[in-house]
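Going down the list, the sequences are from chains A and B. Each residue of the first sequence is one higher than the last, beginning at 1 in the numbering used here. Each residue of the second sequence is one higher than the last, beginning at 1 in the numbering used here.
Each hint should be verified, as a subset may be incorrect.
Stated by the list, open to error - Simulated coverage check for chain A against chain B, where a stretch passes if three residues somewhere in it have a Cβ under 8 Å from a Cβ of chain B:
#, segment
1, 13–22
2, 100–108
What the hints assert, rightly or not - Here are a few chain B residues that face chain A, going by a calculated C-beta distance under 8 Å:
#, residue
3, M60
4, F91
5, F105
For the record, the hints were derived by calculation from the structure and aren't laboratory data. All residues carry an ideal CB built from backbone N, CA and C; glycine is no exception.
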Amino acid sequence: QKEVEQNSGPLSVPEGAIASLNCTYSDRGSQSFFWYRQYSGKSPELIMFIYSNGDKEDGRFTAQLNKASQYVSLLIRDSQPSDSATYLCAVSGLSGGYNKLIFGAGTRLAVHP
Amino acid sequence: DAGVIQSPRHEVTEMGQEVTLRCKPISGHDYLFWYRQTMMRGLELLIYFNNNVPIDDSGMPEDRFSAKMPNASFSTLKIQPSEPRDSAVYFCASSNRGLDYGYTFGSGTRLTVV
Numbered sequence: 001q002k003e004v005e006q007n008s009g010p011l012s013v014p015e016g017a018i019a020s021l022n023c024t025y026s027d028r029g030s031q032s033f034f035w036y037r038q039y040s041g042k043s044p045e046l047i048m049f050i051y052s053n054g055d056k057e058d059g060r061f062t063a064q065l066n067k068a069s070q071y072v073s074l075l076i077r078d079s080q081p082s083d084s085a086t087y088l089c090a091v092s093g094l095s096g097g098y099n100k101l102i103f104g105a106g107t108r109l110a111v112h113p
Numbered sequence: 001d002a003g004v005i006q007s008p009r010h011e012v013t014e015m016g017q018e019v020t021l022r023c024k025p026i027s028g029h030d031y032l033f034w035y036r037q038t039m040m041r042g043l044e045l046l047i048y049f050n051n052n053v054p055i056d057d058s059g060m061p062e063d064r065f066s067a068k069m070p071n072a073s074f075s076t077l078k079i080q081p082s083e084p085r086d087s088a089v090y091f092c093a094s095s096n097r098g099l100d101y102g103y104t105f106g107s108g109t110r111l112t113v114v
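Chain B extracted, bound-state conformation (with noise of 0.2 Å):
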């Protein structure tokens, strides 16, 4: 199995800009989680969809970010207008045994918002 792919592995953009970020999650996991890690702040859990549908957003720091999951094996995750505040790293997680078991990562995206 290739595990969670994300991609791009690395992100630099000007304020203002919109970017998005892409996640495959691990074939059959039916749990989809995209977490954000910075240093002050740790790993934060911005919002985690089941089977398809997004289930709880309240991590979603404001409506400049939306996440969509189109189909079983790709999700996205979109910040429309950039702001340095948003570098961080994102994670992608998905896991088949439900929200309190372990999950599997994929290798993150490094956001550099300038």
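One chain only, chain A, in its complex shape (with noise of 0.2 Å):
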């Protein structure tokens, strides 16, 4: 089993719409949540953190943890284009000994006007 799982996508929403990204993770232990974004060619950009069960709202989007089932989720309200980019799951985790950021695979968003 990865440590943070991600559905590849691609996933495709038309403009305006809420897309709805998932991530389950396999150490109870860990503690901090990160959402990053990156665009083909680019590096990856920290755009959401959570560390506490419920929600957590930034502009258009809306990061949510869930301890209990082991995932955390990110909303984007009214999808834009330039939302189109392939975000990243990282979740802090015991690895090798050591706490670090473990990074999903990435799900690949696609936003059509």
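These two chains come separately, so use the hints to put the complex back together.
Here it is as structure tokens:
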């Protein structure tokens, strides 16, 4: 089982719709959860982080965390073509004896006009 | 702030050659990470430093890879000898808030070994 799992997509949504991106993780001890956006040919860019169960909103973005079910999600409201990118979920976890950020493979989002 | 600076942006080399990738972290950041990204394996942590000291190199693929951080403003990742399977994008990232907080990534070095 991969430590952080994401559906690779592509997830295709029409402009103006809500895009929902999901991520599950295996380490129950994980405390910190991050969403990065990566445009094609560019580096990952941090867009959201969440530490506590529940929702955290930042503009059009909402991160949701459910530690009991070991999943974290990202909602993008009023999706725009400029949101088209790969979204990487990253989870802090113990790996190889060290606490570190472990990245999922990413979900590719395509927002079409 | 100029962000995390990596060089070169692109590197094409022949199999067997030595390759050196360079990174300048954000000033004041005490953690530096080297990641490798491929389509097959995604983003993998190779090694990280804290206060210039290598802490965890368990992600380094094999002895052909080595990394150094001689001071707080410079790090290198060296591959010797390079192989075609080393072709990937190598990212450097830094942080001033520990291991489990968001990192700032550099622009990456796209390495192609032919």
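Of the hints given before, which are not true for this structure? Hints 1, 3 are the ones this structure does not satisfy, whereas the remaining hints hold.
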